[in-house]
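Peer 1: Given next are the chains, with one letter for each unit.
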Amino acid sequence: MKRIISILLENESGALSRVVGLFSQRGYNIDTLTVAPTDDDTLSRLTLTTQGDDHMAEQIVKQLHKLIDTIKVVDLTVGSHIERELMLVKIKAVDHDIRIELKSCVEIFRGHIIDVTPSTYTVQLAGDSDKLDAFIEAVREMGIMEVVRSGISGISRGEKFLRV
Amino acid sequence: MELLSGGEILIRALKDAGVKNVWGYPGGAALHIYDALYRQDDVYHLLVRHEQAAVHAADGFSRATGEVGTALVTSGPGATNAITGIATAYMDSIPMVVISGQVPLTKIGQDAFQETDMVGVSRPIVKHSFLVTRTEDIAGTIAKAYFIAASGRPGPVVVDIPKDVTDPSHKVPYSYPADVKMRSYQPTDKGHRGQIKRAVKTLIGAKRPVIYAGGGVVIDNASDQLTELAQALNFPVTNTLMGLGCYPGTDRQYLGMLGMHGTFEANTAMHHADVIFAIGARFDDRVTNDLEKFCPHATIIHVDVDPTSVSKNIEAHIPIVGTCTSVLTEMLAINKELKSKPDVDAIAQWWAQLDQWRLDKGIYTASRYEESSGNCIKPQDVIKMLYKVTGGEAIVTSDVGQHQMFAAQYYLFDKPRTWINSGGLGTMGFGLPAAMGCQLAFPDKDVACVTGEGSIQMNIQELSTCSQHNLPVKIINLNNAALGMVRQWQDMNYSSRYSESVYEDSLPDFVKLTESYGHVGMKITHIDELEEKMRECFAMKDRVVFMDIDVDRSEHVYPMQMPGGSMRDLWLNKTERT
Numbered sequence: 026m027k028r029i030i031s032i033l034l035e036n037e038s039g040a041l042s043r044v045v046g047l048f049s050q051r052g053y054n055i056d057t058l059t060v061a062p063t064d065d066d067t068l069s070r071l072t073l074t075t076q077g078d079d080h081m082a083e084q085i086v087k088q089l090h091k092l093i094d095t096i097k098v099v100d101l102t103v104g105s106h107i108e109r110e111l112m113l114v115k116i117k118a119v120d121h122d123i124r125i126e127l128k129s130c131v132e133i134f135r136g137h138i139i140d141v142t143p144s145t146y147t148v149q150l151a152g153d154s155d156k157l158d159a160f161i162e163a164v165r166e167m168g169i170m171e172v173v174r175s176g177i178s179g180i181s182r183g184e185k186f187l188r189v
Numbered sequence: 024m025e026l027l028s029g030g031e032i033l034i035r036a037l038k039d040a041g042v043k044n045v046w047g048y049p050g051g052a053a054l055h056i057y058d059a060l061y062r063q064d065d066v067y068h069l070l071v072r073h074e075q076a077a078v079h080a081a082d083g084f085s086r087a088t089g090e091v092g093t094a095l096v097t098s099g100p101g102a103t104n105a106i107t108g109i110a111t112a113y114m115d116s117i118p119m120v121v122i123s124g125q126v127p128l129t130k131i132g133q134d135a136f137q138e139t140d141m142v143g144v145s146r147p148i149v150k151h152s153f154l155v156t157r158t159e160d161i162a163g164t165i166a167k168a169y170f171i172a173a174s175g176r177p178g179p180v181v182v183d184i185p186k187d188v189t190d191p192s193h194k195v196p197y198s199y200p201a202d203v204k205m206r207s208y209q210p211t212d213k214g215h216r217g218q219i220k221r222a223v224k225t226l227i228g229a230k231r232p233v234i235y236a237g238g239g240v241v242i243d244n245a246s247d248q249l250t251e252l253a254q255a256l257n258f259p260v261t262n263t264l265m266g267l268g269c270y271p272g273t274d275r276q277y278l279g280m281l282g283m284h285g286t287f288e289a290n291t292a293m294h295h296a297d298v299i300f301a302i303g304a305r306f307d308d309r310v311t312n313d314l315e316k317f318c319p320h321a322t323i324i325h326v327d328v329d330p331t332s333v334s335k336n337i338e339a340h341i342p343i344v345g346t347c348t349s350v351l352t353e354m355l356a357i358n359k360e361l362k363s364k365p366d367v368d369a370i371a372q373w374w375a376q377l378d379q380w381r382l383d384k385g386i387y388t389a390s391r392y393e394e395s396s397g398n399c400i401k402p403q404d405v406i407k408m409l410y411k412v413t414g415g416e417a418i419v420t421s422d423v424g425q426h427q428m429f430a431a432q433y434y435l436f437d438k439p440r441t442w443i444n445s446g447g448l449g450t451m452g453f454g455l456p457a458a459m460g461c462q463l464a465f466p467d468k469d470v471a472c473v474t475g476e477g478s479i480q481m482n483i484q485e486l487s488t489c490s491q492h493n494l495p496v497k498i499i500n501l502n503n504a505a506l507g508m509v510r511q512w513q514d515m516n517y518s519s520r521y522s523e524s525v526y527e528d529s530l531p532d533f534v535k536l537t538e539s540y541g542h543v544g545m546k547i548t549h550i551d552e553l554e555e556k557m558r559e560c561f562a563m564k565d566r567v568v569f570m571d572i573d574v575d576r577s578e579h580v581y582p583m584q585m586p587g588g589s590m591r592d593l594w595l596n597k598t599e600r601t
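Chains H and P, in that order, give the protein sequences. Just so we're aligned: the first sequence equals residues 26 to 189 in the working numbering. Just so we're aligned: the second sequence equals residues 24 to 601 in the working numbering.
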């Protein structure tokens, strides 16, 4: 099953490569990976998704914990959580009807058109991964030129939080 | 505050970290450091002949003493030559700091002369690594490196220092941190008390228990506590290859080593056990054989300081994360408090069974191989002779292969830190430099490197280091003129097709070779001369002696687990199996 693993780690050079290296070294796959400094710029928050059963997920979490730079690790999929992904899609939009249809499609998915040229629309969409997948299927016929996805960011629901 | 250059700061910080000796090899990027070394007397440097040997020697020193070993190498090839040594230490959880010179910061990334991304190259085989980018950070980084290397599950730490950071013209104030605190690293010490209590109760309720103790007990200096607990309960103990010596090898309750070349009684006892108390061991594939068939009746208690080792290969019923010493100490206390005691009749019955197994097929109750005679010297007999001549008191290092297994089986280690081998990585070439490290730590002890003509040639250049630094190790070369373990597998699995496992008369004359380094060489070809020559060898306290002993070329190591079987599925000799 899909696992969303959230990590707080020291914002130091080499820290990210240790996390990524661990996955290849231990034979796990990373499906998505997103990382950026937090409000405290000595800390990075990293969210990655992978596939694995309970035993594998437990090992991954323990192995990540073992890295010296890692401060906290949590498998978000164990509890109630929210996941979001940002996507930018550039679509060929020359024909008038297509431009109209695309606009309505973007509205249905509650996205935004953030760049327009006479022959293209660039759409921004945020949501869970299924929604983003669905949008891609909906507009595929119109002619997708480019897709950029941020990878999943996750946070647990309610009172729980990940902080030093 | 005193102003020091980066090189001076490094050496001063090593001293403040308690380092007395460093094994290394100079080179361009490390020259500022070497100059600082030259101008002081606190840290003693031993010049090796290859960087791999520097790391193995530091490793051997660490294994024999429990202190953190230190190696110093230059950038590029110096650093990459150290890699095998670092990986060896990593696999066996040996505390070590490896300092590597690096090209100047201004040249990093430019494919400069002797540039290698050491932090990158070593990443999967270190506990942690640092690239120092400011002279001011050197002392603090060294303090952190030694703290990380020695605490929790120990391991090697790399500190990569660019040349401009140690520039003699750039001086900064020196201060060594009084203690190290890291918010991201707080290793577990004490185990969960409730779990520990459960573990003790489970042990007391056991009818067919086995204590399975590994290298963690040695590393954490928990042998006394382990021995006390085992003897208080009257439970049998088996040690892993890495754990040899953590329980006295000559004790009645000792079943011998377990695993691929473990004894019949240890492996069979594991298979039939109802409770297995695993401590400081990690259910390695060379122990368990097929995981699906592993110990089908056992409740498993697993104590390890590293949470990732617990339930990694075998699901533990009672997992305990904590240091061996703290957990065993607590178990001893709980055992004394508890009213209930182990079922005496059940344990007596279990011992009757174990003793029967020992008697029937054990390697200590009878000779399970053909006796040596004339020019046919059995390698097992050489190890038995080594034990006899050294009174079981030597520090024995080994390389990797058949000789390693014979040494592990037939030299009975009564004390921890006396059996020094590369268990996890299986590094040929480890034995001689590791022996140098042991000899440096214990100048008055007999240090024997049990090796083969294959392994010894992987670091034989260190005979020169032994001369320069007066390290009178004894080399016991079990010469069977082949890569013995490779040939054994080729005999067993490849219809004796000896693909590249023999040397076609290309072996050197080890006696002459040794003599050319100024040492003593001996050639032994007859069993009758073995004892006398070996006594002669160990009587030469201040000389390196190389005993080149021709042993039976056809001998195999037994017992041997059958691949894909359970622990008790063993070949006992070339024709007999369980």
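The hints are simulated quantities; they were obtained by calculation from the structure and are not laboratory data. Computed from a predicted structure; not experimentally measured. Beta carbons: idealized from backbone N, C-alpha and C, even for Gly. Some hints here could point you the wrong way.
Using 27 Å as the maximum straight-line C-alpha spacing, the simulated BS3-like pairs for lysine-lysine come out as follows [as the list claims (entries may be wrong)]:
hint, chain 1, residue 1, chain 2, residue 2
1, H, Lys185, H, Lys27
2, P, Lys43, P, Lys220
3, H, Lys87, P, Lys220
4, P, Lys362, P, Lys468
5, H, Lys156, H, Lys117
6, P, Lys220, P, Lys335
7, H, Lys87, P, Lys335
8, P, Lys438, P, Lys401
9, P, Lys43, H, Lys97
10, P, Lys220, P, Lys364
11, P, Lys38, P, Lys224
12, P, Lys438, H, Lys91
13, H, Lys87, H, Lys115
14, P, Lys204, H, Lys91
15, P, Lys204, H, Lys87
16, P, Lys220, P, Lys407
17, P, Lys213, P, Lys362
18, P, Lys564, H, Lys87
19, P, Lys213, H, Lys97
20, P, Lys213, P, Lys38
21, P, Lys438, P, Lys564
22, P, Lys43, P, Lys224
23, P, Lys204, H, Lys97
24, H, Lys87, P, Lys316
25, P, Lys335, H, Lys27
26, H, Lys91, P, Lys335
Partial chain H-side listing against chain P, Cβ under 8 Å, derived [stated by the list, open to error]:
hint, residue
27, Glu35
28, Gly39
29, Gln50
30, Thr75
31, Gly77
32, Gln84
33, Lys87
34, Asp94
35, Ile96
36, Thr102
37, Ser105
38, His106
39, Leu187
40, Val189
Peer 1: The structure should be examined with respect to each hint, and the outcome stated for every one.
Peer 2: Hints and how they fare:
no.	hint	verdict
1	H:Lys185 x H:Lys27	21 Å, holds
2	P:Lys43 x P:Lys220	42 Å, violated
3	H:Lys87 x P:Lys220	24 Å, holds
4	P:Lys362 x P:Lys468	45 Å, violated
5	H:Lys156 x H:Lys117	21 Å, holds
6	P:Lys220 x P:Lys335	23 Å, holds
7	H:Lys87 x P:Lys335	10 Å, holds
8	P:Lys438 x P:Lys401	26 Å, holds
9	P:Lys43 x H:Lys97	36 Å, violated
10	P:Lys220 x P:Lys364	14 Å, holds
11	P:Lys38 x P:Lys224	47 Å, violated
12	P:Lys438 x H:Lys91	31 Å, violated
13	H:Lys87 x H:Lys115	40 Å, violated
14	P:Lys204 x H:Lys91	16 Å, holds
15	P:Lys204 x H:Lys87	21 Å, holds
16	P:Lys220 x P:Lys407	42 Å, violated
17	P:Lys213 x P:Lys362	24 Å, holds
18	P:Lys564 x H:Lys87	49 Å, violated
19	P:Lys213 x H:Lys97	20 Å, holds
20	P:Lys213 x P:Lys38	30 Å, violated
21	P:Lys438 x P:Lys564	22 Å, holds
22	P:Lys43 x P:Lys224	45 Å, violated
23	P:Lys204 x H:Lys97	16 Å, holds
24	H:Lys87 x P:Lys316	26 Å, holds
25	P:Lys335 x H:Lys27	20 Å, holds
26	H:Lys91 x P:Lys335	14 Å, holds
27	Glu35	5 Å, holds
28	Gly39	6 Å, holds
29	Gln50	5 Å, holds
30	Thr75	16 Å, violated
31	Gly77	14 Å, violated
32	Gln84	6 Å, holds
33	Lys87	4 Å, holds
34	Asp94	6 Å, holds
35	Ile96	5 Å, holds
36	Thr102	19 Å, violated
37	Ser105	25 Å, violated
38	His106	23 Å, violated
39	Leu187	14 Å, violated
40	Val189	6 Å, holds
Violated hints for the displayed structure, listed by number in ascending order: 2, 4, 9, 11, 12, 13, 16, 18, 20, 22, 30, 31, 36, 37, 38, 39.
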